[in-house]
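Based on the hints, put chain B in the right spot on chain A.
Going down the list, the sequences are from chains A and B.
When the letters of the first sequence are read in order and numbered with the numbering used here, they come out as residues 1 to 176.
When the letters of the second sequence are read in order and numbered with the numbering used here, they come out as residues 1 to 271.
No wet-lab data here; the hints were simulated from the structure.
Since the structure is predicted, the reported quantities are computational estimates derived from the model, not experimental observations.
Think of the CB as a built atom: it goes at the ideal place given N, C-alpha and C, for glycine as much as any other residue.
Certain hints may be false.
As the list claims (entries may be wrong) - The following label-pair restraints were derived from C-beta to C-beta distances: (1) A:D115 / B:R82: 55 to 65 Å; (2) A:D126 / B:N6: 20 to 30 Å; (3) B:Y116 / A:D115: 21 to 31 Å; (4) B:K165 / A:M1: 25 to 35 Å; (5) B:A2 / A:F52: 16 to 26 Å; (6) A:E79 / B:E123: 31 to 41 Å.
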Amino acid sequence: MQTVKMVISGAVNAGKTEFIRSISEIEVVSTERRATDDTRMIKKETTVAMDFGRIAIGPDLVLHLFGTPGQKRFDFMWEILSEGMLGLVILVDSTRPETFRETNRIIDFFISYRDTAYVIAANKQDRPNAWSPEELRLALRQPPHIKVLPCVASDRESVKNVLLELLYVIQERSEE
Amino acid sequence: MALVGNIRDFGLSDFLYLVDRGDKTGGLYLSRGQETALLFFERGKLVMAVRRPEDQQPDLLVRLGLLSENQLARARASLAARGNGATLTEVILAENLAPREQLQGALQSFSEEAVYGLFGWPEGEFRFEQNQRPDPAAPTIPSPISVDHLIMEGSRRIDEMGRIKDRIPSTDLVVRFLDQPGVRIKGIKLSTEEWRVIARINGRDTLAEIAQKTNLKEFDVCRIVYGFLTAGLVEVVKKPVPMPLARGVPAETSRVKRSLVNRIINRIKGM
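The following block holds chain A by itself, in its conformation from the complex (with noise of 0.2 Å):
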């Protein structure tokens, strides 16, 4: 059985555990634990550990979905999920522009020392005063031929669309 692995990765509360969960086949894995630090006041419960989805492609390929933790402490834990990945999601909560430096930090980490396939899903496009694919490009400072594209997490027709774009971009990418 071959199996790959796409990473899920992005600020606290941009939306990961969500995204997985509405595309994964099986009930999500995940080691959610109350929030012991300032993400308390951002939701009760955010993820510490990872979330863990996966889908069946055929009887002898599986692929694996893992959302990295949010928080800055458990960054040891993004280099460990990136090895071996086939690309990379990176979500960014569009409503809130607090978050986008740290967005720029991760996307940063994941690109400096891997040719990294990578999308940027533009979460929460469903919220008023939600920044659009375009400004977040600008804001993040993403050159042209990086995709952003619109997200919502919870919608599993907007989860396989940046799936698919990703797959697109790993496509051009990958051998005969």
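Okay, now just chain B, sitting in the frame of chain A:
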């Protein structure tokens, strides 16, 4: 839809960059305690900036010595007669009530000073109302001004390393020009120190090396490069090292088989 936030988290320079590169039109409302400011942009350029609500009124032109009371009354009457679409500034120019250069110079200086003062705000709520325009009778700048040099001037006034460190976490980073920086640099006036730094940017030297070669303090080089960075002229990157091989990390996506990717695509499409 409005863009809201706090300049503590998303700085004014970052916002001006977004307005410039996004060709935004709208009104930016800022507030900090009792202080307020209002900036209007038209297709990415600044048309008006005021720190007090009364400065949006046409009598600012009288207070700045650009028009007499009688001239202003005449301009307002003409504006009312013209109806929709015209602005007070257009009327003043059309009726030769004030020379264009004088109007441009005075209103530009007034607006620039209003913006520069905002760079000293460590925090403040902002709300950007897209496609909102100033009142037709507001004293707008005849030729809207590029925000590039506002960003540069604003960065000259930043003296806190904390904000600079957000974008330049280390002096071991290499500075390099973005594509066609010369085109953007044309509109920007650089100080002697800035020229010394820009002349040393070669895509190989780190900030620390540039400081050494220019005999400037590392902080000053960081501050200057922060300005270039915020204006979108340069980028800072880690010095290239063969890390993936040294650390034994394969570039996974470069050797993945297309057939495998196609299988995943088909599966997700069918979900």
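Hints that the structure is at odds with (numbers, increasing): The structure breaks hints 3, 4 and 5; every other hint is satisfied.
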